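A.B. asks: Residue numbers (our numbering), protein chains in the order written: chain A, 1 to 66; chain B, 1 to 252.
Honestly, the hints are just simulated from the structure, not real lab data. Any given hint could be a false lead.
As the list claims (entries may be wrong) - Stretches of chain A that chain B covers, calculated by requiring three or more beta carbons in the stretch to come under 8 Å of a beta carbon on chain B:
| # | stretch |
| --- | --- |
| 1 | 4-17 |
| 2 | 36-48 |
To be verified - Straight line, CA to CA, 20 Å or less: simulated EDC-like cross-link-like pairs of lysine to aspartate or glutamate:
| # | chain 1 | residue 1 | chain 2 | residue 2 |
| --- | --- | --- | --- | --- |
| 3 | B | K96 | A | D38 |
| 4 | A | K2 | A | D19 |
| 5 | B | K133 | A | D13 |
A quick note: this is a predicted structure, and the numbers were derived from the prediction, not measured. Just so you know, even glycine gets a beta-carbon here, dropped at the ideal spot from N, CA and C.
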Amino acid sequence: MKYVKAFGRFWWDFIVGDDWTIAAGVAVALGLVAILVDRGVNAWWLLPLAVALLTGVSVWRQTRAG
Amino acid sequence: MGTASILIGLGAFLACAVEMVEALTIVLGVGTVRGWRSTLIGVAAATVVLAVLVAALGPALQQIPIDVLRLIVGALLLVFGLQWLRKAILRSSGYKPMHDEDEAFRRERAEAEAAGGERRAGLDWYSFTVAFKGVLLEGLEVVFIVISFGSAQGHLGVAVVGAVAALVVVVVAGVLARGPLERVPENTIKFAVGLLLTSFGCFWGAEGAGVEWPGDELSLLALVAFFGGYSWLLVRALRRRRLELAPAEAGA
Chain A
1 MKYVKAFGRF WWDFIVGDDW TIAAGVAVAL GLVAILVDRG VNAWWLLPLA
51 VALLTGVSVW RQTRAG
Chain B
1 MGTASILIGL GAFLACAVEM VEALTIVLGV GTVRGWRSTL IGVAAATVVL
51 AVLVAALGPA LQQIPIDVLR LIVGALLLVF GLQWLRKAIL RSSGYKPMHD
101 EDEAFRRERA EAEAAGGERR AGLDWYSFTV AFKGVLLEGL EVVFIVISFG
151 SAQGHLGVAV VGAVAALVVV VVAGVLARGP LERVPENTIK FAVGLLLTSF
201 GCFWGAEGAG VEWPGDELSL LALVAFFGGY SWLLVRALRR RRLELAPAEA
251 GA
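Next comes chain A alone, as it looks inside the complex:
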């Protein structure tokens, strides 16, 4: 069990890193894009805007945290 946890922790740190809100935000944004496409809206603009917003908030928060 210890090794499974360590393995999971390694891949979490490797891909997600120190700010899980980025991963959660990307998942939500991709879900919204899929819903809009399903309703006939070619929402190509949504993901770049969401990524820009998530990046800005993340670095701003990190600089405030010191």
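Here the structure of chain A is known, so what remains is to put chain B in place on it, guided by the hints.
C.D. replies: Just chain B now, kept in the frame of chain A:
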């Protein structure tokens, strides 16, 4: 050769170059202090593991339907690429220290000198494990990028060629310099790789979710320009904020 192929080759080359510069520092630090035999066996063992991963996972992923693959790979690449980009923004704006190869080399040498002399299977175990772990961990990021690029766009060959070319360049430069490559503009390269990973992740993730990009592959260039310009604005804003806060902190 299309826009995507050129950017994939470039991305794999830059990512591999910057990771291999870091791996080279570790290998040189250990090898120059404790000898080369066990160190190079560690390097070779890690290289074999990485090559097997690419050879096994690359073709296996191509069996998955392309839209599903692009959605998953795009999302992972986007999250992974944003780590690189955020760190590059924080470094450029002065909120995070720049990576210093010379300092890393000195630290690696000091640790190698202080370590014990345990031998296993005829190898200096410290040299072997440090070289193996260093190359494997740095190389894993390259493997992740090469496999993502190769599988999502069907250009595994281009990505592998880009990565191998970088490996050759870094090894030759390291042998010629006989020391860490501290003059390589690592932080700038990391910024460029972060931009490329984020742009590709965005492109494939949205495409996997069903989006049709205006201009198809050409929109990749627009994404790189958009994220590049936005990152530049963020760096400027954060630098200004740091300078404004600095006198206040000094007076406190």
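A.B. asks: For each hint, tell me whether it holds in the structure or not.
C.D. replies: Hints, verified against the model:
no. : hint           : verdict
1   : 4-17           : holds (count 4)
2   : 36-48          : holds (count 8)
3   : K96/B x D38/A  : violated (42 Å)
4   : K2/A x D19/A   : violated (24 Å)
5   : K133/B x D13/A : holds (16 Å)
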